[in-house]
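Protein chains in written order, with our numbering: chain A, 1 to 326; chain B, 1001 to 1402.
Calculated from the structure, these hints are not laboratory results. All C-beta atoms in this analysis are idealised placements derived from N, C-alpha and C, irrespective of residue type, glycine included. Watch out, some of these pointers could steer you wrong.
Stated by the list, open to error - Among chain A residues calculated to face chain B with C-beta under 10 Å, some are: (1) V25; (2) V33; (3) G35; (4) V37; (5) E51; (6) R52; (7) P57; (8) V68; (9) G69; (10) A71; (11) A99; (12) R102; (13) R104; (14) Q106; (15) M244.
Each chain, written out:
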Amino acid sequence: MAEITLVEAVTLALAHEMEADERVVVLGEDVGVNGGVFRATTGLFERFGPERVIDTPLAETLIAGMSVGLAAQGLRPVAEIQFMGFIYPAIDQMLNHAARLRRRTQGRLTCPMVLRAPFGGGIHAPEHHSESTETLFAHLPGLRVVAPSSPARAYGLLLASIRDPDPVVFLEPERIYRLGKEAVDDSGEALPLDVAFVLRSGSDVTLVSWGASVRETLLAADRLSADGIDAEVIDVATIAPLDMTAILESVEKTGRCVIVHEAAHNVGVGAEIAARLADEGLMSLLAPVKRVTGYDTVMPLARLERHYLPSVDAIVAAARESLEAA
Amino acid sequence: MSLERIGKTADRRAAPTRTVARFGIRYTRFLDERGRLADDAPPIAHDHARLRELYRQMLLTRLFDRKAVTLQRTGQLGTYASSLGQEATSVGIGAAMARDDVLLPTYRETGAMLLRGVEMRELLLYWGGDESGMDYSGPNAPREDFPICVPIATHAPHAVGVAYAFKRRHEPRVAVCVLGDGATSKGDFYEALNAAAVFDVPVVFVIVNNQWAISVPRSLQSRAETLAQKAIAAGIAGEQVDGNDLIAVYDVTARALERARASGGPHVIEALTYRLGDHTTADDARRYRSEEELALWRARDPLKRIAAYLIRAGAFSDDEEAELRAELGRAVEKAVADYLATPPRPPESMFDHLFERLPRALEPQRETAAARAGLDGHDADARPSHDRRPAHDAPRGDLHHG
């Protein structure tokens, strides 16, 4: 079993599904000969040809909208938006069409498409290349929002997203695209959507995250462990629809919860998790729910971005605060 | 071809500045305003049986339209977008399409939709506030046609995707995207035209230029002499047609479809017509346009034009017109009765078809919706249908643009 990076796992899943299902087509800017700006589609053009690996004109509305048309006709488009900062022209299509086509035709037409985009900061990228705005999509009924946090989950969740009969916004954490390798078996086995993954079990505090921040969250758990604090780490993975089962079960055990995300604090997905904990898990809580998030400011450029992103220190501090609360 | 390239000159002493490309826009009309046929008319002009059939569709569209407005005015239908005056364009497009082509309409393509097998009852359900109206389920339902697109021009990229799928599967089918004059100001439209040309896919865009986007006239929408010429920037042919001339709309559309089907390439048609009604039932067009203008276009009524032609040709008569009106009127009334007799679906049905299978996370909300309905006594199923006044309940919201 080969050890591969997260971005290589994305490529592996795309290649696997294109081989297995001829309805799958990949489209986007520079996804062809160039293999994508992050090289996520490397080799696909050579292997599957220009009809299935489609270099589109530079037009994000078109990329998403064309995917709606392809999907309604029974193809399985996997569209790439180069960076989350460029995804906004596609929101109209995702909100007004992809997310609603099945319902507004009562199942007559469907939209099994995937819109992939790298998200998050920490790679010293230019302006508009480091945003985490998953909340915008998580708020839209009819859409799934999925974010992997490891090569194996990137492979399994992307396969699941392509095979899913409904639209999925698949957000790939660019900061950990090449940070670390993991053995991934090209078995074609998908991981389940709509469930969170418990990455580490613990009994003292629940740490909840997704995407690249899972890395810092796991490091924070290691740090806490050295001090005898046993943290449980949950990767939400499917941000919307949000299944609280794993989080509620964990908090029932630990009584404490720290939510970690790169996205801005205000109305971040963490707020929804905290609210749901208040609704459905209040009696289990021994301490206030803490959130370690980006600030409610514009994502800063490279020099300051590490001060914006949730750090291991900040997560550890929040966990300690939670433990000290009661 | 309206697109004419001027070859590079071999003359090395050519002027430093020269014309490298030159374009033109063709305009087609076969029937004049009094229904007189031009000399070089296409075969459809002499197929009187077929034209009578299409006139019947135009009349049905108009009678349905009038009824829908009346239903709205009497509180029995939600906001409705009338297609009054645009029947030749809509029916002409629908008639030119093959059964398995795919129509991507806006909210004013009642004529094409009815012709393609969408039922009047379904359109009434849609405008009456029930999504099941877009689940075309009649015996001749065009199951692959897209539902009415409300956000302007956002369906143009869909047409490119649909046409790409046809091309990839080597199917001789065409996607027909119908949009308005206002839509040509939007980026979606340009992005779609551009991509359609790049991918060389079988799609025909029909710009229904009805002169008004709600209150904004064509002159404020664009300074381009024609909207058809917007195709040229994308490298595809564009042409104009008299949208109130059924024969011309049919012929121009049929030719564009034939070309697209044969060679896979896209095409743009601008149909010049006029919205005789308000933008929707929530609009009052008297606020922004003159009675003189309206009178001018009333005189160009597309139904009168084709009827006059058929009567002159001896293929139709006033008596037949009266019979036809009575017959179609009964069909419309039947559809209205069916619509009014259709009870609203239970509140929890709003969760149906959201996903193929409702995610577990949403199950509690679905249960809440069902339970609340019982508690609040909002379960309208028990009430007779004529007691329901969707238009009164519904906000007086208007559709954006024209």
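For the hint on V68 (chain A), just tell me whether its beta-carbon gets within less than 10 Å of chain B.
-> With a closest approach of 5 Å, the V68 (chain A) hint holds.
Mind checking the CB of A99 (chain A) against every CB in chain B and telling me if the closest is under 10 Å?
-> Holds: closest Cβ of chain B sits about 9 Å from A99 (chain A), inside 10 Å.
Against chain B, run the beta carbon of R102 (chain A) and see if the smallest gap drops under 10 Å.
-> 5 Å, holds
Once the shortest beta carbon distance from R52 (chain A) to chain B is found, is it less than 10 Å?
-> OK, holds: R52 (chain A) within 10 Å of chain B, min 8 Å.
Would you check whether V37 (chain A) satisfies its interface hint, that is, whether its CB is within less than 10 Å of any CB in chain B?
-> 20 Å, violated
Interface hint outcome for E51 (chain A) [beta carbon to chain B under 10 Å] | OK, holds: E51 (chain A) within 10 Å of chain B, min 6 Å.
Closer than 10 Å between Cβ atoms is the bar; does R104 (chain A) clear it against chain B? Give me holds or violated.
-> With a minimum Cβ separation of about 6 Å from chain B (threshold 10 Å), the hint on R104 (chain A) holds.
Was the hint right that G69 (chain A) lines chain B, CB cutoff 10 Å?
-> 2 Å, holds
Does Q106 (chain A) pass the interface check with chain B, least Cβ-Cβ distance below 10 Å?
-> 4 Å, holds
Taking the least C-beta to C-beta distance, is V25 (chain A) closer than 10 Å to chain B?
-> Interface hint status for V25 (chain A): holds (8 Å vs cutoff 10 Å).
Status of the G35 (chain A) interface restraint (C-beta, 10 Å, chain B) | Violated. Min distance 20 Å.
For the hint on V33 (chain A), does the least C-beta distance to chain B fall short of 10 Å?
-> Nearest chain B Cβ about 15 Å off; hint violated.
The structure shown violates the earlier hints numbered 2, 3 and 4.
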